[in-house]
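Given the coordinates of chain Y, assemble chain Z onto it according to the supplied hints.
Top line first, the protein sequences correspond to chains Y and Z. The first sequence begins at 23 in the working numbering and counts up by one. The second sequence begins at 85 in the working numbering and counts up by one.
Keep in mind that the hints were calculated from the coordinates and are not lab data. Predicted model, so just to flag it, every value in this text is computed and none were measured. Yeah, the Cβ is synthetic: ideal placement off N, Cα and C, and Gly gets one too.
These stretches of chain Y come out as covered by chain Z in the derived footprint (C-beta under 8 Å, 3 or more residues):
{"hint": "1", "region": "42 to 53"}
{"hint": "2", "region": "88 to 94"}
If you want the footprint, here are the derived chain Y segments under chain Z, 3+ residues with CB under 8 Å:
{"hint": "3", "region": "62 to 73"}
{"hint": "4", "region": "121 to 133"}
{"hint": "5", "region": "167 to 180"}
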Amino acid sequence: MLSTFLFWFLSVIAIAAAIGTITARNPVFSALSLVLNFFALAGLYLTLQAEFIAVIQVIVYAGAIMVLFLFVIMLLNLGSDSKDAIASKLQMGLAIIAGGGFVLMMTRIFMIQLEPNKKQSVLMNGKVEKIGEWLLKDYVFPFEIISVILLASLVGAILIAKKYKAH
Amino acid sequence: MFEPSLNLYLVVSAILFSIGMIGVLTRKNAIILFMCVEMMLNAVNLSLVAFSSYMGHSTGQMMVFFVMCVAAAEAVVGLAMLIAIFRNQQNVDLTKINLFKW
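The shape of chain Y in the complex, shown without the other chains:
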């Protein structure tokens, strides 16, 4: 019963925050409602018994990535969007038709009865110990590749954002 309540509560918050993100004129409000969306998603992960992913979601997404976004927004000193920066009515209508069509299609597809309709209460599934074991055993190669990707993006970001002296 509690998990049912939590599911509906958190989904409504997540969807409302997502709508707030795409409708807010001011990029700072947009970023803050995206943080709310990430927190709600972390709660949804908790209802799915994925504690590690929920914690990572809060630390990495709501903590690190969104702080980076807010830094950049405030660094560039972006004000609210001007009137001509809004999509035209036609674009807006077409985008909403596309999005609504996608949701309808997916909902129709998900009407089928999926086979496992109970949460599996497999012991240790999603626990930190299990995830760590998997990371260093079965997924050690992707894990190393990810470290290379992160290093490359770090170097690339510094190179791109660096100020070059004109010569």
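Same frame as chain Y, but now just chain Z:
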């Protein structure tokens, strides 16, 4: 009020994904566009975690972990590009960045 089934989680994920898609299609501020892309990645993460939990198998969660790392790398490079563009053009309005358009 019915018990949340796997289908309901997937529907929530689809709704979040399409809200992100509408944002990408309608907004013209490059930073908000990036945030919408992050939202779409998160929607996919939600469906992966839901499948992982209902199947009783952690593979989906491992995939979410890697998706998050790639999303972080993507956000960093994208924001660096935005700073470089802002330095040249003094704005991040995507309709005004049209050097490669003809």
